[in-house]
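Chemist: Take a look at the letters that make up each chain.
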Amino acid sequence: MVKKNNARILVFSTEKISDPAIDMAGLLKLYYPSKVYTIAVPCSSAIKPRWILHAFNQGFDGVFIAADGSDCPYGESCTAKTGILVKQTHELMKEKNINPARLKMAAICSVCSESFVKHMKSFNEALQKGK
Amino acid sequence: MSKKIGVYICRCGCNISDYVDVEKVRASAEKEADVVLAKTMVFACADSSQKEIINDIQNGVINSFVIASCSPKLHLPTFQAVAERAGLNKYEYVHANIREQASWAHSDDKEGATAKAVQLVRAAIAKVRFATAIEPIEIQTQQAVLVIGAGVAGMKAATSLAKMGVKVYLIEKEHFIGGRVAQWDVLCLTEETGKDLVTRFYNDVVMDKDITLFTGAELIESSGSKGNFKVKIKITPRYIKDFCEKEKMRRAIEVCPVEVIDDFNFSITKRKAIYHNFPSQYPLVAVIDMKNCTRCGKCEKECDKIDFSQKEKIIEIDVGSILVATGFDPYTPRKGEFGYEEYDNVITLPQFKRLVAINDKELKWNGRQVKTIAYIYCVGSRQLEGENKYCSRYCCSTTICAAIKAGEKFHDLSHFHFTRGIRTYGKQEMFFYEASKQGQVFLQSFEDEPPRVMRKNDRTIVCINDILTNRREIEVDADLVVLVTGMVPRSHGRISEILKLPRGRDRFFNEIHMKLRPVETVIDGVTIAGACQGPQNVVEAINSALSAAIKSYSFVSRDTLQVEPIVAEIDAGLCTWCGACAKACPFDAVTQINLEGKEIASVNMTVCKGCGMCLPVCPVNAIQLKTFSDDEVEKMIGVLAQEL
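Note that the protein sequences, when read in sequence, are chains L and X.
Per my numbering: the first sequence = residues 1 to 131.
Per my numbering: the second sequence = residues 1 to 644.
This is chain L alone, in the form it adopts within the complex (with noise of 0.2 Å):
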């Protein structure tokens, strides 16, 4: 049955890592709240903050990158770009009174389901309690 006091989190994740990991996931059937939508993009540092606030006035609780980390196939600098943009985003939240803390981030390589998984339950957790 649908937990209505779930937290929806929008996931970006990544099509050639942390995607599959999610999909993983659900093979595995390691369950997380199903308030959980991802929208894959090709890398992490291709996410552009605009897309986090747009989550945030449309209703999202809460938004989590999935990120490359060092897996990423496009170069190593993924993980900085990646922390830049997250750090840019946490400012603009301030900027609008969103609590930063409902933006998180973390590298989910392409076999990392349980850690995805472990990130989903704690994030809705803390989301919960921050509604």
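No lab work stands behind these hints: they were computed from the structure.
Don't take every hint at face value.
[As the list claims (entries may be wrong)] In silico DSSO-like pairs for lysine-lysine, Cα to Cα no more than 30 Å straight-line:
id : chain 1 : residue 1 : chain 2 : residue 2
1  : X       : Lys-635   : L       : Lys-129
2  : L       : Lys-104   : X       : Lys-626
3  : X       : Lys-241   : X       : Lys-226
4  : X       : Lys-51    : X       : Lys-515
5  : L       : Lys-104   : X       : Lys-635
6  : L       : Lys-121   : X       : Lys-389
7  : L       : Lys-131   : X       : Lys-110
With chain L fixed as given, assemble chain X onto it according to the hints.
Modeler: The following block gives chain X in isolation, referenced to the frame of chain L:
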């Protein structure tokens, strides 16, 4: 042209429809603007369903469509091909993953899974409204393949690829080729030995000028993607030059004072620090195990080809595809598991096979003659608890085959098989028939009441409540207890980590789909073959190697490879050239140009990889990534946020 969207919702047999109310999803999709039809299908990927979609397109009913089914990693190419066959640009189709990310991920919450599937389909519809026709980009491919592992699967794949005209780099971590098969004596189904088979494959490898074999070679780094991988290989030297005289080498080995456990014989014998596993093993040159060598210098006095000055090398290779065939490890029982490492006459199946191979006149273990052998099956496979729940497939056949061969080599042996039901599938059933005819005894127990191994008066007794004789308790006084151990994934090496290859629940490498894409992985351009993928016998490993070779060939067979035209686009009106995008691009795809007197950024479409790193750094939002435009992403976000 106005959008006429078709939505096809797959039941995936019952994989989706058992947990997601697909009719509810269909009804919701039908209400969306621009949607002209919404259908459910038993299998959207089935030929009949594909034809139905093609008819809908060709009859002008729809001009874009959404497939809601399994992961796009599995069937995106299938439905892109459907679009193309119908004369529609493949980017007029959008995929919604309602299996891995809805029905399976939330099978504990059917209502939640259905609500999520509804939203995912609505988001896909929102995206397809913006879809436009775009043409693919061609890239130059490296017409070479890296094959990792020179066991039978790797060697067969390498020769198969070379015959198709592809340059092959075959690397083997060990200093000798052949993998596990080199360790086996007579193989099931054919009368040849593992050594014979490996020799035959090795000859094919070395005779082919398009194959370069590196032994003692390990993958340490990989970058790039399908069509263009750059890999680094570390090569450990043998410390012995080529063309070493046999007699000199024999003496060099003889005088070596160091003795260590011999892994080739699964620890039942010892070897020297300078060694080869058997005299005719390929490559014929021995190797010095530097971890154990004391540099005493005795071998150098016997053989002038010893060369301690050889250094480790790192080479870089460009390849278009990588084929992984790294094989398996035999399961190692825990201490005390059926008496293993507690009683001195309890050994594993691989140890028994080597014991039979290296003994000549009499079968002896620890100096004592062996007459009665008890085989305990499914050790490390079909376990009730833990990760090894799978059947290792090869063990029943290989054990019975080994028992028959041992009986032919050493007379008056008695064999007692403590099984959980024999699985000698296919032609291998003949071994079971033959063994039964010879009088070998087969006993059986259920998984919850396995045989027990105990000591009585300095003898090792195996006891079973045999379900074939109405649970009668039967005891066998065994000279040797053989634990029929299954296959587990290779524990060493960083290949999984370097190539980012996912592993399944059984911890073997995972294919995309065991029936539809059985040798492909989610890492584009990387294929898998043989027992690294799951338990396989020699025949099955070779079949999968041939299949993986064909698939790898498909990535490198042409000079160019079509890649997705997902590239960045600059809005010349907005761009004021600040250079941030050029700085962010890791591929130097962005340059500064002058357009009608205005300095702006320009993207080289053939160099751009579509990573999108340039997008967030633009201060005036002048860059859009094809199929990931602000309109598309923000509409999807809006739809996902507003639950019905």
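Chemist: Regarding the pair Lys-104/L and Lys-635/X, is the alpha-carbon distance no greater than 30 Å?
Modeler: Holds, at about 22 Å.
Chemist: Lys-635/X and Lys-129/L were given as a pair; does the straight-line alpha-carbon distance stay at or below 30 Å?
Modeler: 28 Å, holds
Chemist: Hinted pair, alpha-carbon criterion (30 Å max): Lys-104/L, Lys-626/X. Please report holds or violated.
Modeler: At roughly 26 Å apart (the allowed maximum being 30 Å), Lys-626/X and Lys-104/L satisfy the hint.
Chemist: Tell me if the straight-line CA distance from Lys-241/X to Lys-226/X falls inside 30 Å.
Modeler: Violated, at roughly 37 Å.
Chemist: Can you confirm whether the C-alpha distance between Lys-51/X and Lys-515/X stays at or below 30 Å?
Modeler: 21 Å, holds
Chemist: With a cut-off of 30 Å on the C-alpha distance, tell me whether Lys-121/L and Lys-389/X pass.
Modeler: Measuring from Cα to Cα gives roughly 28 Å; hence the hint holds.
Chemist: Given the hint that Lys-131/L pairs with Lys-110/X, test it: the Cα-Cα distance must not exceed 30 Å.
Modeler: Since the Cα atoms of Lys-131/L and Lys-110/X sit roughly 25 Å apart, the hinted pair holds (cutoff 30 Å).
The structure fails hint 3 only (numbered hints given earlier).
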